[in-house]
Amino acid sequence: MKKTTIILLLVCALSLLAVAGCDVSASRHQTAELRFERTMDRARMDAARRSLAAGRYTYARKVLEPCLNSPRQHDEAEHLMTKIETANHLYAQLNAYRDDSKEEAY
1 MKKTTIILLL VCALSLLAVA GCDVSASRHQ TAELRFERTM DRARMDAARR
51 SLAAGRYTYA RKVLEPCLNS PRQHDEAEHL MTKIETANHL YAQLNAYRDD
101 SKEEAY
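Quick note: the sequence shown, position 57, residue 57 per the working numbering, numbers continuous.
Derived by calculation from the structure, the hints in this document are not laboratory data. Heads up, a few of these hints could be off.
Distance ranges between label pairs, derived from CB positions [claimed, not checked]:
hint, residue 1, residue 2, range
1, Lys83, Glu37, 22 to 28 Å
2, Ser15, Ala43, 38 to 44 Å
3, Leu34, Thr5, 41 to 47 Å
4, Asn95, Asp46, 25 to 31 Å
5, Leu14, Ala54, 55 to 61 Å
6, Leu8, Phe36, 38 to 44 Å
The structure presented is a predicted model; accordingly, all values stated were derived computationally and were not measured. Think of the CB as a built atom: it goes at the ideal place given N, C-alpha and C, for glycine as much as any other residue.
Using the sequences and the hints, build the whole thing.
Shown next, in the form of structure tokens:
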């Protein structure tokens, strides 16, 4: 084979190896991103559950909103959001009833 053919084949082989290396790097980056997003979703769900248990409904709703846009946690987040909205509604009704009772007492 001629020297130019050998050099051309080597350049092509090195180019293919470089491209393959970039694909692996991009794949690792994407995997790390997904792992980070999953971890953040879990942390948000846990924070929302703790806030719901503590009666901090506004904070729970705010923390949970990004999970509603995530396809990974959407169903669980929607279920938890329903619980938060229900608890918030009951709390508001209880406060309204208590305010009405105070007004009647005077």
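Taking the hints in turn, this is what the structure says about them:
1. Lys83 - Glu37: 22 to 28 Å: holds, 23 Å
2. Ser15 - Ala43: 38 to 44 Å: At roughly 42 Å between Cβ atoms, Ala43 and Ser15 fall inside 38 to 44 Å, so the hint holds.
3. Leu34 - Thr5: 41 to 47 Å: Because 43 Å falls inside the window, the suggested range holds.
4. Asn95 - Asp46: 25 to 31 Å: At 27 Å between Cβs, range holds.
5. Leu14 - Ala54: 55 to 61 Å: holds, 60 Å
6. Leu8 - Phe36: 38 to 44 Å: Holds - the Cβ-Cβ distance for Leu8 and Phe36, about 42 Å, lies within 38 to 44 Å.
Violated hints are absent here; each numbered hint is respected by the structure.
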